[in-house]
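Residues in the sequence shown are numbered from 3 upward in steps of one, following my numbering.
The hints are simulated quantities; they were obtained by calculation from the structure and are not laboratory data. Since the structure is predicted, the reported quantities are computational estimates derived from the model, not experimental observations. Treat the hints loosely; a few may be bogus.
Unchecked claim - Derived pair list, reagent style SDA-like, types lysine to any residue, alpha-carbon separation capped at 20 Å:
#1 Lys9 - Asp113
#2 Lys4 - Phe232
#3 Lys4 - Arg224
#4 Lys9 - Phe227
#5 Lys105 - Thr116
#6 Lys4 - Glu201
#7 Lys138 - Phe6
#8 Lys4 - Pro174
#9 Lys233 - Val219
#10 Lys4 - Gly23
#11 Lys101 - Ser145
#12 Lys9 - Ile190
#13 Lys138 - Ser206
#14 Lys9 - Val219
#15 Lys138 - Gly13
#16 Lys138 - Gly23
#17 Lys101 - Arg142
#18 Lys233 - Met3
#19 Lys146 - Ile190
#20 Lys105 - Gly13
#21 Lys233 - Phe6
#22 Lys105 - Arg120
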Amino acid sequence: MKLFRLKAAEGPRFTGFLDAGHRWGLPGGLCPVCGSSPGGLGEAYPSVDLSGWAHRGDLAEARQVPLEEYERLRDLLRAQVPFEAPLLPGAEFGPLIGKASGKWSALDLPDPWTLVMRSETVDQLREAGIALRVSKMDLRFRSKTEVDLREVEIHCRGRLHDSCFPGGRERPCERCGRQGDSLPAAPILDGRTLPTDLELFRLSDFTTVIIATERFVDAVSRFEFEGVVFKELPVL
3 MKLFRLKAAE GPRFTGFLDA GHRWGLPGGL CPVCGSSPGG LGEAYPSVDL SGWAHRGDLA
63 EARQVPLEEY ERLRDLLRAQ VPFEAPLLPG AEFGPLIGKA SGKWSALDLP DPWTLVMRSE
123 TVDQLREAGI ALRVSKMDLR FRSKTEVDLR EVEIHCRGRL HDSCFPGGRE RPCERCGRQG
183 DSLPAAPILD GRTLPTDLEL FRLSDFTTVI IATERFVDAV SRFEFEGVVF KELPVL
């Protein structure tokens with residue numbers, strides 16, 4: 003099984019930009035032992051609607067709280083999320099809301115951890131047998147030309163192999179589990195942890211890294227879609 007990391011295409015034709023955030027988000031949780039927050043930048047579930055949840059006000063603003071308060075909110079929230087998810091500090095929910103500008107390709111990565119597609123791109127990939135979970139966004143365009151864009155919901159699955167960390171992985175915090183490792187220059191995927199039921203997923207230990215299957219890459223290449231590039235990663 004071949005797997006590929008997604009990166010944004012570079013050049014003057016690829017300028018799609020979002021100044022936006024999801025409607026709700028778990029707060030950061032400051033650990034009393036290591037003094038850090040085991041954050042999950044990139045973990046986002048736009049399909050999760052919390053508008054009827056009694057505690058939604060506690061997730062309305064980005065903030066830092068004691069780890070125990072984050073854990074309390076996380077545990078309350080689990081019943082509102084109808085699938086397995088880490089729900090790390092900073093995990094976001096609901097639609098992306100904000101401003102959009104620039105030229106939009108078939109696929110774009112306005113942030114390395116956020117994949118956006120034109121609605122017609124989604125339709126063509128689905129017709130080719132690529133399963134995608136997408137959500138509308140509440141965007142105001144800074145130009146007169148508006149584009150019908152969708153955010154692709156990408157779940158956290160899989161990890162990097164321990165062998166790609168020079169000197170080994172950092173020991174996790176005994177209280178919050180945070181590991182402070184930086185993304186290795188030459189990432190290797192741990193084959194024992196990888197999903198077999200998803201065309202796209204983000205790594206559980208590096209949530210800003212999006213991985214695609216060979217089927218997804220082949221479909222994008224066949225349609226000659228632009229906006230992202232793919233780099234194959236080894237699997238052990």
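Here's how the hints hold up against the structure:
1. Lys9 - Asp113: Holds - the C-alpha atoms of Asp113 and Lys9 are around 9 Å apart, at most 20 Å.
2. Lys4 - Phe232: 11 Å, holds
3. Lys4 - Arg224: 17 Å, holds
4. Lys9 - Phe227: Holds, at roughly 14 Å.
5. Lys105 - Thr116: Status holds; Cα separation ~16 Å.
6. Lys4 - Glu201: 11 Å, holds
7. Lys138 - Phe6: Status violated; Cα separation ~26 Å.
8. Lys4 - Pro174: 30 Å, violated
9. Lys233 - Val219: Answer holds: Lys233 to Val219 is near 10 Å, not above 20 Å.
10. Lys4 - Gly23: 32 Å, violated
11. Lys101 - Ser145: 10 Å, holds
12. Lys9 - Ile190: This hinted pair holds, its Cα atoms lying about 16 Å apart.
13. Lys138 - Ser206: 25 Å, violated
14. Lys9 - Val219: 12 Å, holds
15. Lys138 - Gly13: Answer violated: Lys138 to Gly13 is near 27 Å, above 20 Å.
16. Lys138 - Gly23: Status holds; Cα separation ~13 Å.
17. Lys101 - Arg142: 5 Å, holds
18. Lys233 - Met3: 14 Å, holds
19. Lys146 - Ile190: Violated, at roughly 44 Å.
20. Lys105 - Gly13: Roughly 11 Å separates the two Cα atoms, so the pair holds.
21. Lys233 - Phe6: It holds: about 5 Å lies between the C-alpha atoms, which stays within 20 Å.
22. Lys105 - Arg120: 12 Å, holds
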